[in-house]
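Engineer: Quick mapping for you: the protein sequence lines, in order, are chains A and B. Here the first sequence is numbered in my numbering, starting from 1 and rising by one per residue. Here the second sequence is numbered in my numbering, starting from 203 and rising by one per residue.
None of the hints are false.
No more than 20 Å apart at the CA atoms, straight line, and that leaves these computed lysine to any residue pairs for SDA-like: (1) LYS497/B <-> GLY486/B; (2) LYS338/B <-> ALA617/B; (3) LYS583/B <-> TRP191/A; (4) LYS421/B <-> TRP187/A; (5) LYS593/B <-> THR181/A.
From the structure, some residues in chain A lie toward chain B, with a derived Cβ separation under 7 Å: (6) TYR183; (7) GLN186; (8) TRP187; (9) ALA189; (10) SER190.
Cβ pair distances, simulated, as ranges: (11) ASP184/A <-> PRO639/B: 23 to 29 Å; (12) GLN192/A <-> LYS338/B: 42 to 48 Å; (13) ASN567/B <-> GLN192/A: 28 to 34 Å; (14) LYS661/B <-> GLN192/A: 39 to 45 Å; (15) MET173/A <-> LYS401/B: 54 to 60 Å; (16) LYS338/B <-> CYS150/A: 51 to 57 Å.
Think of the hints as simulated: they come from the structure by calculation, not from any bench. We treat Cβ as the ideally placed atom computed from N, Cα and C, and that holds for glycine.
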Amino acid sequence: MASMAITSSLHIASSTHHVTKKQQPQSGTARSLGSKQVANVVTLDVEGQKGFNTAEHHVKSASYNEKSNNAKDEMEHGSDTNTGPCGPKFVDERWKNGTWDLNMFVHDGKMDWDGVIVAGRAIMVGFFMAYLVDAFTGLDVVGQTSNFICKAGLFVTVISVILLRRSEDFENMKKLADEATFYDKQWQASWQDQNVGALQHT
Amino acid sequence: MASIALKSFVGLRQQVSTEKPHYFFTSQSQTKPPKKLKLQVLASKSSPRLTNRNLKVAVIGGGPAGGAAAETLAKGGIETYLIERKMDNCKPCGGAIPLCMVGEFDLPLDIIDRRVTKMKMISPSNVAVDIGQTLKPHEYIGMVRREVLDAYLRERAKDNGAEVINGLFLKMDVPKDGVSPYVLHYNGFDGKVGGVGEKRTLEVDAVIGADGANSRVAKAIDAGDYDYAIAFQERIKIPDDKMAYYEDLAEMYVGDDVSPDFYGWVFPKCDHVAVGTGTVTHKGDIKKFQLATRKRAKDKILGGKIIRVEAHPIPEHPRPRRLLGRVALVGDAAGYVTKCSGEGIYFAAKSGRMCAEAIVEGSENGKRMVDERDLRKYLEKWDKTYWPTYKVLDVLQKVFYRSNPAREAFVEMCADEYVQKMTFDSYLYKTVAPGNPLQDLKLAVNTIGSLVRANALKKEMDKLSV
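Next up, chain A with everything else stripped away, as it sits in the complex (with noise of 0.2 Å):
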């Protein structure tokens, strides 16, 4: 249902991208606080590529890029299927029915993990987007997730999938938590030894 969901967001959203156009920026700049390549700017532009898959993918690191290509021209053209109005339509090889067809991501015999992590992720900043192109249009998606704590579980698992590429990174995300409060540390130490130093001395 979530998939369908975001398929028939992705279509509304595109067949109004002239609308989505500035909200785009803003989202792409906000996540780029989350993901630490943002040199890609510059180099997909050349492409020339339009519409709002520039933004979302040019915050993606560099070994998205050529899926997210693929799936950039696939959604330039593409026919009518099942769900909403016309208009671009997102289509990738892998892409069946709504959703990710599994067998697709074998490679030599063997499932490729990274490749559905990527895709599954690919899914997660689209309904993100739609969410927040909802918010900002009133086409109603947010209405289907109504139950609050549903609502926070999503996001909640939608973000952590979009910081947490690997088990790295989240050592990596404490270290820039603790960088950050490293400072904040070293000003109350001296508050550490208080009830130490307090009861020595009277």
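For chain A, the structure is supplied; the task is to place chain B on it using the hints.
Structural biologist: Frame of chain A; chain B shown alone:
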């Protein structure tokens, strides 16, 4: 003599804390005390009254922190001793003081050699941005000579009743209880220039350590170490026509060539300029950074003669322990230098004053003994008042000093009028001004945009130069 009078009250204190004999002074943590100690009264109002004498406090170090502390103590009726090792010391220093310091410390205007009203920020690619357009006519950054400022503050302390001793503090004996005095050992110079001086001792009830980045008082209380930057500066006398350019202008150079984690500067002094730079992480390359700074300012200081070379450590963060018993650290000794701008004079003076005020209050103008809790009030007030300032500057340093693209973005941001206004308001008046939320949001977006753009440009530049 004084201790005999004190001893008669020791019995009183014993009744309040019967656990006292179990505790010895060590720097290691002891086991958790039994609950009885919690009944101890928190205020020092339970401290014994001093009979026949006032509280005696020594301030070690006669810079801005020591001078301000000694003046406040003396004004508060406390018997104050200010120990300074070199009365005519020209401390290597940028020498910039914010406008609010003039008012808060009643500084006479002739102490200020120059009023800087314009600043130039120069990026790694030599893009220069003028900041200071938002300054009002009465606003400026004051440039002072440290020897002049320090001497003035010490004189004023003396005029208020403090005894200024020319001596070098060596070590101190820490008492084992809350009423015995600290015994300070120092070399008294008696105004004699040169020579070793004679060994003397001084007994005081409390000590304020204001002896700078290499504080011996800090060592005496096992305060721990801090990371520090080396600031290296050359004073250069340049021809008058070039000096006219720096009449009321200071320059800040940022870039990897000038410093990997700080900035290079050209600050105008009374009749010469100070060209310098600093670094935490690459102290060994400081001479290289200095050469690069001079190179960046090349034409503007052409024909100049170096009249003095100086260097000094600058603390990067507070020491792990700023207070122990009746000894407190202030100023550079405590580590109160901001990140990003490396400002320390104002904070030294203010912390000296705050600590002295806490002692005056806790001792009821010198009538009672003080204890650690009174001094902790100074720490509490200090942290609460200035923590936001320090944190904001720390964040700025982390974001904008980490790479050349970030520095380019930084200089670009500084061109914005809102940024200039906020920067100067915070710097000159030492408050983190809240600002306009809409403008703040715009600023945040612009910052991110600048950073992204600068990083992208760098990639493009690298591609071209390869």
